[in-house]
Structures are given as structure tokens and as C-alpha cells.
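Visitor: Here is how the chains run, residue by residue.
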Amino acid sequence: MTRQDLLLLVLLAAGLLGNGFATGLDRAFPPARGEPPTAERVELGRLLFFDPVLSGDGTLSCGHCHRPDRAFSDGRPTARGSGGAPLARNTPSLYNVAFKHRLFWDRRAGSLEEQVRGPLFSADEMGAEPGALLARLRAIPAYRERFARAFPPAGDEAVSVENLARAIAAFERTLVSDDSRYDRYARGQRDALTPAERRGLTLFRSVHTRCFECHRLPTFEAPLAMGVGVPSVDDGVGALSGVEAQRGQFGVPTLRNVALTAPYMHDGSLATLEDVVAFYRKGGGRALGVDAARVHEHVRPFAISDREASDLVAFLGALTDESARPEIPGQVPSGLPVLRAPRLAAQPEESR
Amino acid sequence: MKPLSPFLCCTLLLCLAPAAGAQRTLRVEAGGSIAAAIEKAPPGSVIEVEPGVYKEALTVDTPNITLRGIVRGSERPVLEGSGALNDGVIASGSPFAMTGFRIQHYKGNGVTTQGVDGVFLSDLILDDTGLYGVYPVESRNITVTHCTATRIKDAALYVGESNQVVVAYNEVHHNVAGIEIENTNDALVHDNLVYENTAGILVFVLPGKVQKEGVRTRVFRNWVVRNNTPNFGDPESIVGGLPHGLGIMVMGADHTALEDNWVKGNDSAGIAVLRLAPEHADKDPALEPMSDHTRIGFNYLLGNGQKPHPGVAQSYGGGADVAWDGTGENNCADLPDPATAVGAPLPSCLERESGAAPRAGQTAPRPAAARPSEAVIPAGAAVVRIRGMRYQPRHLEVARGETVTWLNEDAVTHTVTSGKGTQPSAAPLGSPFLRRGDTYSHAFDEPGRYEYLCLPHLDQAPMRGATVTVTD
Chain A
0 MTRQDLLLLV LLAAGLLGNG FATGLDRAFP PARGEPPTAE RVELGRLLFF DPVLSGDGTL
60 SCGHCHRPDR AFSDGRPTAR GSGGAPLARN TPSLYNVAFK HRLFWDRRAG SLEEQVRGPL
120 FSADEMGAEP GALLARLRAI PAYRERFARA FPPAGDEAVS VENLARAIAA FERTLVSDDS
180 RYDRYARGQR DALTPAERRG LTLFRSVHTR CFECHRLPTF EAPLAMGVGV PSVDDGVGAL
240 SGVEAQRGQF GVPTLRNVAL TAPYMHDGSL ATLEDVVAFY RKGGGRALGV DAARVHEHVR
300 PFAISDREAS DLVAFLGALT DESARPEIPG QVPSGLPVLR APRLAAQPEE SR
Chain B
0 MKPLSPFLCC TLLLCLAPAA GAQRTLRVEA GGSIAAAIEK APPGSVIEVE PGVYKEALTV
60 DTPNITLRGI VRGSERPVLE GSGALNDGVI ASGSPFAMTG FRIQHYKGNG VTTQGVDGVF
120 LSDLILDDTG LYGVYPVESR NITVTHCTAT RIKDAALYVG ESNQVVVAYN EVHHNVAGIE
180 IENTNDALVH DNLVYENTAG ILVFVLPGKV QKEGVRTRVF RNWVVRNNTP NFGDPESIVG
240 GLPHGLGIMV MGADHTALED NWVKGNDSAG IAVLRLAPEH ADKDPALEPM SDHTRIGFNY
300 LLGNGQKPHP GVAQSYGGGA DVAWDGTGEN NCADLPDPAT AVGAPLPSCL ERESGAAPRA
360 GQTAPRPAAA RPSEAVIPAG AAVVRIRGMR YQPRHLEVAR GETVTWLNED AVTHTVTSGK
420 GTQPSAAPLG SPFLRRGDTY SHAFDEPGRY EYLCLPHLDQ APMRGATVTV TD
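Here the protein sequences come in this chain order: A and B.
According to numbering that gives the first Met the number 0, the first sequence is numbered sequentially starting from 0.
According to numbering that gives the first Met the number 0, the second sequence is numbered sequentially starting from 0.
Please note that the accuracy of each hint is not assured.
As the list claims (entries may be wrong) - Here are some, though not all, of the chain A residues that point toward chain B, as calculated from beta-carbon distances under 7 Å:
id : residue
1  : Thr22
2  : Thr173
3  : Val175
4  : Arg204
5  : Val206
To be clear, the hints were calculated from the coordinates, so they are not data collected in a lab.
Every residue gets a Cβ at the ideal spot worked out from N, C-alpha and C, and that includes glycine.
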């Protein structure tokens with residue numbers, strides 16, 4: 000036996016032991032929705048995403064609420080808008096938005112490009128006004144040049160609201176999270192999950208807890224609106240459609256990187272994953288006096304032990320993968336400060 | 000790179016041989032752990048389990064695993080949840096097969112497959128396994144056969160959001176729902192014994208599912224009898240809110256065909272066709288809530304709707320063999336002559352298909368019930384006449400190689416179906432439903448004793464336990 004043989008043999012053995020056959024959980028992600036990103040658009044989108052020039056008063060960027068260090072959420076129960084005023088709903092993570100059929104808690108946007116316009120032009124949020132925003136961007140040579148390169152052959156015309164939305168959407172479509180320890184386990188690396196996490200994974204797929212029915216593999220979300228009965232005056236999907244039976248429904252959020260995005264639910268009313276498991280364990284809103292018609296029939300009390308509850312939380316922690324986390328640009332073309340410190344400093348006390 | 004040495008070549012071959020498809024069999028002895036065997040089983044393994052009690056919840060994520068319970072007479076391995084474990088089996092590996100187990104006392108369900116292509120569940124006895132007995136979801140190419148399921152609080156044999164399904168030769172009783180096909184396409188539900196549940200067979204489309212439609216379910220040759228057990232499900236669930244006394248119910252599904260079923264003694268309705276109620280349908284606007292293109296062909300409907308649940312009586316003006324709420328497009332029924340109907344009258348399928356102007360409320364011409372006995376009996380065949388609810392002779396002896404022909408002379412329909420006691424089996428005798436004058440022949444090439452029964456009448460002693468003995 001030669002040294003080369005020995006080396007190959009060791010590699011082979013390591014391969015067989017450490018990375019066995021793929022399990023039945025190894026499922027392909029659905030195809031990403033919308034137009035495929037190009038490198039120029041992604042880079043332009045990244046700069047725009049972190050540039051406060053987008054907001055009416057030059058203080059807020061997308062990244063102020065969708066913070067990369069919090070899996071693109073903000074750690075607050077509900078978002079803060081223009082001037083620090085609290086908004087109605089919790090800031091959702093942006094990981095894997097490329098796969099989502101509809102955006103916003105009430106699912107009102109059918110594409111990321113449509114979604115971008117929401118907070119951008121909302122007076123309560125970034126408070127931009129289209130004409131003034133385009134004038135500001137056109138006055139910055141670096142943006143003129145980057146827009147022109149990303150959206151040929153439009154020249155100066157390239158700086159448009161449509162292209163701005165397309166660039167930010169292209170950037171957001173790169174925020175893919177599909178290499179968590181759970182994914183490695185699914186692909187056959189048996190020791191990628193701890194025993195508690197494996198027990199939690201089994202509980203997640205139990206017909207007793209029924210977590211898997213809405214948070215579907217492999218994206219851990221579903222293109223569905225569901226009512227789980229978080230007590231709230233917010234009617235969600237029903238407020239938008241006016242349909243009585245949809246009152247209290249919200250889009251099913253992904254659980255990928257969920258350990259990083261506390262607090263939880265559409266209004267951030269549950270501080271920890273332990274709280275979320277406790278909420279569902281008691282039957283969601285059923286236990287809290289919420290009208291049963293607002294709670295999906297699969298959300299029912301389930302008896303599990305405290306150890307099982309903590310196993311579930313442990314499993315959710317195995318869905319963390321930030322390998323696509325982008326770098327925050329050191330500076331942006333507007334020259335405005337990126338992710339200003341005071342907002343970050345105020346964070347920990349407010350996050351409950 | 001140098002060519003590999005002979006040593007490494009051999010090692011490689013040894014390593015790769017199991018992966019190349021050689022089937023591996025692992026055996027679990029009584030007192031052992033099935034989960035431990037699953038953990039070390041490579042893809043393609045058959046795990047044989049000796050009779051014994053196994054207090055385990057199993058997760059099968061390895062592809063191509065067969066869990067084979069060894070059945071010796073009345074002995075078989077028991078998966079015991081003790082009322083404390085959640086699920087008997089959760090499987091994600093494709094394909095997945097499980098046979099020969101008894102599964103009991105789980106909180107959630109007996110066997111669930113999630114996202115599996117190729118599911119074979121056979122000869123399982125499921126008792127008191129929580130909400131479901133078997134629960135394949137988001138799966139395809141599913142066969143559930145020769146299972147028995149009892150005392151289950153939602154649906155005993157459930158299939159959801161799946162495609163290409165066969166549910167056949169099962170016996171389900173004393174559950175809330177016997178068989179439920181939900182948001183599922185291309186399901187064949189046939190030759191099942193479905194009795195004394197709250198509701199027998201449900202073909203549903205419900206809200207809040209990714210797969211929105213449920214089309215082309217065919218329900219045929221089932222025995223759906225006395226499904227009058229008071230509902231003991233969770234009243235806040237859709238199935239838990241069903242009235243008792245329902246034989247077969249189509250709600251929201253399209254292109255469902257019901258044919259040759261024996262539907263008898265269901266107190267509210269033998270067959271009900273209706274839309275999904277607005278309070279449920281409105282939760283999911285992408286859902287089409289009507290039952291369209293339902294075809295109720297020839298079924299044997301008798302004595303249904305005689306003591307309807309108050310809810311049914313109120314909605315339909317009483318109970319009957321067939322109830323339709325009048326919604327949906329292109330639904331039709333060909334009812335036998337004495338069959339009763341409530342709600343809106345269903346137009347005849349035959350008239351529509353023969354081009355005649357459909358006339359609501361008109362039942363089809365009755366099939367020629369009293370055909371003359373010009374039945375073809377092969378020359379030299381031994382004949383068993385089915386007359387007066389009896390096989391005559393009840394016990395017949397023939398020589399090897401002889402053909403036996405059964406001739407139905409009764410006004411009611413019978414079958415000649417292999418089976419011991421009240422438990423039918425698939426082979427070797429399996430006649431279609433025999434109307435008066437119909438015959439069925441079988442050539443016996445193997446010596447032995449062949450017991451058989453009549454599927455629609457196996458609750459009547461003279462119509463079971465009949466035999467043909469073949470001498471050498």
C-alpha cells in the first residue's frame with residue numbers, strides 16, 4: 000500500500016463515517032421567485048439597502064430595521080419608523096425571501112419589488128417621496144454610474160423607482176440560508192445535530208404538535224395565511240380583504256435563523272422561543288380567550304413534557320445559518336453615516 | 000495519479016458493495032430496540048422484528064427502509080405508545096414500507112409519512128393511536144392495504160395533500176372518520192370494510208393546505224355500513240364536528256366517482272354531496288369549495304337516513320340514501336329504484352350521457368335486475384347457487400383442476416370473496432358484485448381448503464364460512 004492509497008483510504012473512511020447517505024429530509028428548495036440577480040444589481044442593491052439617503056429625512060436605511068446582526072430583523076417587538084415612532088408589526092427576517100410567494104405579515108405584496116416600495120414611501124416608515132428621492136440619487140455620480148451599469152442601456156433614465164426596487168430585491172434574493180446544522184444532518188451528517196436537537200426535530204414533525212404542517216420542509220414556511228390566535232387588535236389578512244373568516248390571519252414566517260430574530264409573532268408579543276412553544280402547547284389563542292374561529296383547527300393544545308418543550312427550542316436553534324450574511328458597506332455613495340450607533344446602543348433594554 | 004493498488008481496489012469494492020443495492024436484513028429480537036436497528040440500517044435495509052412489545056416511537060429518515068413485523072399466527076410485534084409517546088412512526092425516507100405490526104396507544108398518530116415517494120403500509124393493526132391511524136401527507140405513490148384501524152379520534156386511514164393513492168382491502172370501524180382522502184388527487188378507495196364509525200368515507204377539500212385541490216378520487220366496491228357512532232372527536236375540528244350516520248361524504252372535491260359500493264344502514268345519509276361551508280372556505284380564497292362533477296354510479300343503497308342526526312334533518316329535510324345540497328356543477332347520480340333522496344334532486348348520469356335532456360329528480364332506468372338465468376356455465380363445472388341468502392351447497396368438494404361456477408339467483412347482490420370468518424382477503428377468490436343472473440367461475444389448480452364469504456353480507460352467518468375443498 001502506498002502513501003497515496005493510505006490517504007485516499009482515510010478520506011474514504013472519513014466520508015463514509017462522517018457523511019453518510021442523504022436522508023429523506025434532504026429536499027431541494029423551490030426555485031427562487033422573480034428575476035435572477037446580477038452581480039451589478041446585487042452590489043447596487045446592497046449599497047442602497049444600507050444608505051439612509053433613501054429615507055425622507057436621511058436618517059433611516061432599510062438596514063436600520065433589517066439588521067444583518069439580527070438576521071435582518073431588529074430585536075424590537077415592533078419596528079420603529081420615522082422619528083422613532085413605534086409601528087404596528089414586528090420586523091420580519093429577510094433570509095430566504097427569494098422563495099416567498101407573498102411578502103408582509105398580511106401578504107399584501109406579490110413580489111419583493113412591490114414590497115420595497117411599501118416601507119420606502121410610507122410616511123410612518125422611511126417617508127421618502129419618489130420625485131425627491133430620484134433627484135437625490137441622480138445627484139450622486141456613483142449611483143448614476145452604478146444604476147447605468149446595472150440597468151443598461153437606459154443611461155440617466157436608469158435611476159428610477161422601478162430599478163431601485165429591482166436592485167434592492169436582487170440583493171435580498173442573495174440572502175439564502177440553507178446550510179444550517181439541520182441541513183447538514185439532512186444531507187447525512189448524523190452528528191450535525193445533538194441528541195436534544197434530534198428529539199426536537201422529531202417532535203417538530205409529530206402529528207401531535209403539528210409544527211411541520213405550516214412550517215414546511217425545507218423552507219420552514221408555507222405560502223399560506225394562518226390564524227394562530229395571538230391576542231391582537233390587528234386583523235392582518237382580514238383587515239386587508241375585509242373577509243370575516245380571514246380576520247387574525249398572517250403569513251406563515253420562515254423558521255430559518257429564528258433563534259436570531261426574537262421577539263416573535265406579528266406583534267413581537269412573545270419574547271423568546273420558549274414563550275412561543277408554550278403558546279402553542281396551550282393551543283395558541285384558544286387558551287387566551289381568542290375566538291376559536293380565528294384559530295386554525297390544527298392549532299390545538301398538545302401535552303408534552305418540559306424536556307420535550309426544551310428539545311423543540313433546541314431544534315429551532317439548529318436552523319441557524321448566516322453564511323450568506325453580507326458585509327455592511329463601510330461607506331455608502333451618499334456619504335451619510337451607515338447604521339448610526341445611537342440606535343444600536345438603545346437596543347438591549349428595548350428588546351423585551 | 001498512479002493507478003490504485005489492488006489493496007485499495009478491494010477495499011473500495013467492499014465499501015461500495017452494500018450501497019450498490021445488495022439488500023441487507025437486520026433482525027430485532029423481542030426485548031431489543033427497533034430504533035437502534037433503524038439507526039444503523041443503511042438504505043435498502045429490511046428490518047425484521049420478532050413478536051414482542053416495543054415501547055418506542057420510531058423515526059425513519061433513511062431512504063428505502065422496510066419495517067417487517069414477523070407475524071406468527073396471532074403473534075406479531077406491538078408498537079406500544081402507553082398513552083405517553085406521540086407518534087408510532089414518522090418516516091421521511093423514500094420509499095418506505097411497513098407491514099405486520101400492531102400499533103397502539105399513541106397520542107398523535109400511528110404512522111405518518113411526510114414527503115415520501117413510495118409508501119406501502121400493509122397488514123397493520125392500528126388501535127387507539129390518537130388523531131390518526133395512518134397519516135401520509137405530501138407524499139405520492141401510496142398504498143394502504145389490509146390494515147385494521149379502530150378507536151381513532153379523527154380519521155383512521157387519512158391521506159392528505161398527496162397524489163396517486165390506493166386505499167384498499169382495509170377494515171376500519173369505531174373511529175370518528177373511517178377513511179379520509181383530503182386535498183388529494185387520483186386516489187382509488189376500494190374493497191374496504193367501513194362500519195360503525197361516525198362517518199365512513201370522506202372525500203374532502205379543506206382550507207389552509209398548500210395543495211388546494213382534490214380530484215379524481217374513485218370510491219368503489221366498499222362496504223359502508225351502520226356508521227352511526229356518536230362523534231367522539233374534538234368538536235372544534237372539522238371532522239370532530241361531523242354529524243353521525245354518514246356513509247360516504249364528498250365535500251369540495253371534484254371529479255369524484257362512487258360506484259358499486261354497498262351502503263347500508265347509515266342513519267343520516269348513505270351518500271352526501273355538498274360544498275365546503277363558507278365559514279371554512281372563506282379562510283382560503285384560493286380554494287374552490289364546491290363539489291363538482293361528482294358521479295354517483297350504481298351503488299347498493301339500502302336503509303340509509305332512517306334516523307338522521309338533527310343537523311342533517313334540519314339541513315336536508317330528513318335523512319335518505321342520498322343527500323345533495325344542490326351546489327356545484329355537473330353532479331349526477333343513477334340511483335337504484337327504491338333509493339331515497341333528500342335535499343336537491345340529482346340529475347341522472349346515464350340520461351345526460353345518452354344525450355337526453357337532463358330532468359332533475361328523475362332517476363335512471365333501473366338496471367335489468369331480473370335477467371333470465373341464461374348465465375354461461377362452463378361445461379362440466381361444479382355449480383354453487385346463491386339463493387335465499389345462502390351458498391348452496393355451502394361446502395363443496397371438487398378434484399384438482401376442476402372449475403367451480405357460482406350463480407346468483409337472489410334479488411340482492413352478492414360476492415364470492417376469499418376470507419376467513421369476517422375477514423376478507425384479496426385472493427384467490429375475488430368476484431365482482433354479482434347481480435341476479437351473474438356468474439363467477441374459478442379453476443382450482445391447487446389442492447386445499449378454500450374458505451370464502453360474501454362481502455356485502457359477511458355480517459350474516461350463512462354468507463360466510465363457506466368452503467371449497469380441492470382434493471388431489
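Visitor: All the hints need checking, so say for each whether the structure fits it.
Guide: Results of checking the hints against the structure:
no., hint, result
1, Thr22, "holds, 4 Å"
2, Thr173, "violated, 26 Å"
3, Val175, "violated, 21 Å"
4, Arg204, "holds, 5 Å"
5, Val206, "holds, 4 Å"
The structure shown violates the earlier hints numbered 2 and 3.
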